[in-house]
Amino acid sequence: MTQLSEAPADLQEGLDRAFNPRTVAVVGDKRAMGYLWLNCMKTFNGNVYSVQLDPNEIPGIEAIGVPNYKSLLDVPDEIDYVVCAVPRPVAPRIIADCIEKKVGSVMLFTSGFAETETEDGIAVQEQITHMAREGGLLLIGPNCMGIYNRRLGVRHSTDQPAGDPGNVGFISQSGTHCINFSLVGALRGVKCSKTVSFGNAVVLDAPDYIEYLANDPETEVIAMYVEGPKDGRRFFDILRRTARRKPVVVWKGGVTAAGSRAVYSHTASLATEPAIWDAAMRQAGVVQTESLDETIDAVNALTSCKPGTGVRMGLIAMTGGQSVVITDAFERAGLEVPLLSPGSYDKLSSFFNIIGGSYRNPLDAGGTVGMGFAPGNLQKLLDILEEDENVDAIAMEVGASFIARRLRENPALLDQMVETLASHKDRSAKPFLAVAHPGHVEDVMADIRARLIARGIAVFGGFQSGAQALRRAIDYWRSRRDLD
Amino acid sequence: MSVAEVIDNARRQGRTLLTEVESKQVLHEAGIPVAFAVLAADAKAAVQAAENTGFPVVMKVVSRDVAHKSDFGGVRLGLESKEQVAQAFDEIVAAVNAAQPDARIEGVAVQKMAPPGTEVIVGMSKDAQFGPVMMFGLGGVFVEVLKDVAFRIVPLEPKDARDMVREIKGFAVLEGDRGQPAADVSALESLILRVSEFIETHPEVEELDLNPVFAYADGVLAVDARIVLSDKQSAGSVDTRSARSS
Numbered sequence: 001m002t003q004l005s006e007a008p009a010d011l012q013e014g015l016d017r018a019f020n021p022r023t024v025a026v027v028g029d030k031r032a033m034g035y036l037w038l039n040c041m042k043t044f045n046g047n048v049y050s051v052q053l054d055p056n057e058i059p060g061i062e063a064i065g066v067p068n069y070k071s072l073l074d075v076p077d078e079i080d081y082v083v084c085a086v087p088r089p090v091a092p093r094i095i096a097d098c099i100e101k102k103v104g105s106v107m108l109f110t111s112g113f114a115e116t117e118t119e120d121g122i123a124v125q126e127q128i129t130h131m132a133r134e135g136g137l138l139l140i141g142p143n144c145m146g147i148y149n150r151r152l153g154v155r156h157s158t159d160q161p162a163g164d165p166g167n168v169g170f171i172s173q174s175g176t177h178c179i180n181f182s183l184v185g186a187l188r189g190v191k192c193s194k195t196v197s198f199g200n201a202v203v204l205d206a207p208d209y210i211e212y213l214a215n216d217p218e219t220e221v222i223a224m225y226v227e228g229p230k231d232g233r234r235f236f237d238i239l240r241r242t243a244r245r246k247p248v249v250v251w252k253g254g255v256t257a258a259g260s261r262a263v264y265s266h267t268a269s270l271a272t273e274p275a276i277w278d279a280a281m282r283q284a285g286v287v288q289t290e291s292l293d294e295t296i297d298a299v300n301a302l303t304s305c306k307p308g309t310g311v312r313m314g315l316i317a318m319t320g321g322q323s324v325v326i327t328d329a330f331e332r333a334g335l336e337v338p339l340l341s342p343g344s345y346d347k348l349s350s351f352f353n354i355i356g357g358s359y360r361n362p363l364d365a366g367g368t369v370g371m372g373f374a375p376g377n378l379q380k381l382l383d384i385l386e387e388d389e390n391v392d393a394i395a396m397e398v399g400a401s402f403i404a405r406r407l408r409e410n411p412a413l414l415d416q417m418v419e420t421l422a423s424h425k426d427r428s429a430k431p432f433l434a435v436a437h438p439g440h441v442e443d444v445m446a447d448i449r450a451r452l453i454a455r456g457i458a459v460f461g462g463f464q465s466g467a468q469a470l471r472r473a474i475d476y477w478r479s480r481r482d483l484d
Numbered sequence: 001m002s003v004a005e006v007i008d009n010a011r012r013q014g015r016t017l018l019t020e021v022e023s024k025q026v027l028h029e030a031g032i033p034v035a036f037a038v039l040a041a042d043a044k045a046a047v048q049a050a051e052n053t054g055f056p057v058v059m060k061v062v063s064r065d066v067a068h069k070s071d072f073g074g075v076r077l078g079l080e081s082k083e084q085v086a087q088a089f090d091e092i093v094a095a096v097n098a099a100q101p102d103a104r105i106e107g108v109a110v111q112k113m114a115p116p117g118t119e120v121i122v123g124m125s126k127d128a129q130f131g132p133v134m135m136f137g138l139g140g141v142f143v144e145v146l147k148d149v150a151f152r153i154v155p156l157e158p159k160d161a162r163d164m165v166r167e168i169k170g171f172a173v174l175e176g177d178r179g180q181p182a183a184d185v186s187a188l189e190s191l192i193l194r195v196s197e198f199i200e201t202h203p204e205v206e207e208l209d210l211n212p213v214f215a216y217a218d219g220v221l222a223v224d225a226r227i228v229l230s231d232k233q234s235a236g237s238v239d240t241r242s243a244r245s246s
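For the record, the sequence lines run as chains A and B. Counted the way the numbering used here counts, the first sequence spans residues 1 to 484. Counted the way the numbering used here counts, the second sequence spans residues 1 to 246.
One or more of the hints may lead you astray.
Restricting the straight-line Cα-Cα distance to at most 20 Å, the calculated cross-link-like pairs of lysine to aspartate or glutamate (DMTMM-like) are [claimed, not checked]:
1) A:Lys246 <-> A:Glu273
2) B:Lys147 <-> A:Asp54
3) B:Lys126 <-> A:Asp10
4) B:Lys147 <-> B:Glu51
5) B:Lys159 <-> A:Asp475
6) A:Lys30 <-> A:Asp10
7) B:Lys159 <-> A:Asp237
8) A:Lys380 <-> A:Asp426
9) B:Lys169 <-> A:Asp10
10) B:Lys159 <-> A:Glu57
11) A:Lys102 <-> A:Asp10
12) B:Lys126 <-> B:Glu206
13) B:Lys82 <-> B:Asp127
14) B:Lys126 <-> A:Asp54
15) B:Lys126 <-> A:Asp16
16) B:Lys126 <-> A:Glu220
What the hints contain is simulated information worked out from the structure, not anything from laboratory work.
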C-alpha cells in the first residue's frame, strides 16, 4: 500500500481525477432512496457501475440499465470516482475495497460519524481516516454529497442541469447549500462548473478544494459556504492568494454571537470574533455574503456584468415612483447617482417624453420607451448612458407587470426588448444589470427573466439586491486594482 | 541588549511580561520609533537620566508586578527640574509600596516627555483561528467606548496598512479636523508594517500594545509599549476535531 501523499501537487492531481472522472461506481444505492445516485449519474457519459449485495435491490438497479456487481473488486474497469452510500458499519469494508481496487477517489455519502458526537461515530471516523491516509485513498467527506460536474453530468441531485459547461465553482461543508446554490443559481443565470460538498473533511479540507478550483481553467468565480475552517491560517492564506486571480465569494454561516455558538457545537471550530473574521475576509480580498440569495446575486454580478470599478450609476426606471426607489437603493448600497453630462441632456431633450417623465438621472422613461417596448428609444437611452462620461454602470428596471397582458398577446414585443438589451450589453464596456420585480402575473415575469438570463444579462429580483450585488462586484474589482 | 537577549533574560527570570524599558529596546531594534526610556534604580540615576534626555520628562514605575502603572501614582508627567525628578522618584516608589506592598520595584523609567500628538493605539493579540491579529484605533473613547477599531491578520501588506488606517470611522481626526494639523498617515502605516514584520519574525510574542502612539504632522512616536511573551516556546496545536455538515 502507498500512503496518501500530502504533497500539494499529488493531492491536486488526485482531485483533478475525482472532479473529471471517466468511470464512476455507486456502492449501496437502494430503492428506499429512489436510486438517487444511479439516477444522478444518468447524465454521465462515462461508464457507470453499481455495487450492491442485497438481492432485493439488484433487480431495481438492473432495471435502470446499470451493470451491478457484488463487490467493487469484481468491477472489470478502473474506477475514478466512487459514490459510497452504504450504512456506517459497512463503510470500513468499502474503504478497504477502494484501496485494494486503487480507485481514484471515494465520496462517502454515509453519515453517522463524528457529527453524531458519539464514541462509536468518532471511532469509525478515525478508523476510515487512518485507512484512507495509509492506503493512499482520496476520501471526500464523510457525511457529504460529493462532486457535481455540470459539463460531464456527474451530479448529486437529479434536478441539476448537465451537459453544457459552467464557470462558477462552489464548495460547502453542507450538502443542502451546495445543491441549492447549483439549482437556484441555474435559474438565475449562474452556471456551476464544479461543486463539492465535503462534509466532515477528514482527509481533504476546504483549502484543498479552493486550490483545485483556483487552478481549474473552467472555473472563473469561486463561491463557498463555510461555518468555521479547521485551520483558519491556511484558509486565509489560500483565500488571499486565490482572490488575486479570480473572484471569491464567501458566505459565512454562524456570524452572529448566537450563530457562532451554534457553529462551535456544530463543527467544533474555534470561535473567531465576527469583527476579526470580517477583517480577515476584507484583507483576503474576498466578497462576503450572508445568505444563499446574496451569494447567487454577487456571483451573478461578477460573472454577468462587465468588470468595473466606477460607482456612478445611470438609472432607467419606468415610472416616477420607481425612479425614486431605484435611486435610493443604489445610493444606499454606496453607489452614486450623478447628474449626466450636458451633452447627454442635449440629446435627451430632442426626443424624451417629459409628460409624466423626466431625465435628470434617473431617467423616468416609461413614456419614452413605451414601458420598454419602443426599442428604438430604449436603444437611444442606452447609447446616451453608454457614452456619458459621468456614468460608470447602468441599471434598468424592466417594469413589465403593467403590460403583462399586452406581452402575452404579442410576444414579439418582448423579443425586441430582449434583443435591444442583449446587444447593448454585448457592445458596452460598462456593467449593465436589469431588475425584474416579482409581478402579479408571475409567469410573464418568469418568462422575461428567463429570456434575459438566456442572453447573459444579469437580472435581479429587486433594486436593493441588484444594487448590493453590483456594489460587491465593484468592491472586488477595486480591491484587485488597488493591489497594483 | 539585542532582542534575543532581552527575551532570554525575561525567560530566565520566569517572566512573560517585558518591562516598558525592555519592550522599547526590543521595538527600537525592530525599527519602530519609540520614546526611549532609561531605567533608573535610584533618585540620583533618575536625575542623571533626565539631564541626559532633556527636560521635561515623564517617570513611570518599572515593576513586573504592577500591571496598571498609573492607577496609584506610578506615573508622573511634565517634570521640569532635577529637584522635581528626585522628589518624583521617591514619591513614585512610596506610592507603589503603599498600594502594593509586595510589588518588586526594579526602579523608575525616565523618558523625555513627548510633545502631544494625536493619540492612536496599535496592538496585537492572537486569535484562535487566524493567529496574530493587529489592531488599530484612535486613543481614548474611540477604542474603549466606541470600539472604533480595525483588525488585520499578520503579515500585513502595504495595502492592508493603508486600508486599516482608513477603515476606522475616526479617520477624519487623522486627516486634520477643526484646525488640527493632519497626522503623518504614511509614517503611521510604516509603523504598522514594521510591527507586523516584528511579530512575524518573533512568534514568541503573544501580545503587544503600543498605547499611545503619538501621531504628529511629521512622524510618529510610540510613547508607551508593552510586550507579553507566550508562556511556552512552541505554539499549542489547534483542535482538529471533525466538522459535521447538514
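For each hint, the structure was consulted:
1. A:Lys246 <-> A:Glu273: Distance of about 27 Å is beyond 20 Å: violated.
2. B:Lys147 <-> A:Asp54: With a Cα-Cα distance of about 63 Å, the restraint between B:Lys147 and A:Asp54 is violated, given a limit of 20 Å.
3. B:Lys126 <-> A:Asp10: Given pair B:Lys126, A:Asp10 is violated - Cα atoms ~33 Å apart, limit 20 Å.
4. B:Lys147 <-> B:Glu51: violated, 40 Å
5. B:Lys159 <-> A:Asp475: holds, 14 Å
6. A:Lys30 <-> A:Asp10: The given pair, whose Cα atoms are some 34 Å apart, is violated under the 20 Å limit.
7. B:Lys159 <-> A:Asp237: holds, 16 Å
8. A:Lys380 <-> A:Asp426: holds, 16 Å
9. B:Lys169 <-> A:Asp10: violated, 47 Å
10. B:Lys159 <-> A:Glu57: violated, 60 Å
11. A:Lys102 <-> A:Asp10: Satisfied, since the Cα-Cα distance of roughly 15 Å is no more than 20 Å.
12. B:Lys126 <-> B:Glu206: Judged against 20 Å, a Cα distance of about 7 Å means the pair holds.
13. B:Lys82 <-> B:Asp127: violated, 46 Å
14. B:Lys126 <-> A:Asp54: violated, 54 Å
15. B:Lys126 <-> A:Asp16: Roughly 36 Å between the alpha carbons, so the hint for B:Lys126 and A:Asp16 is violated.
16. B:Lys126 <-> A:Glu220: violated, 34 Å
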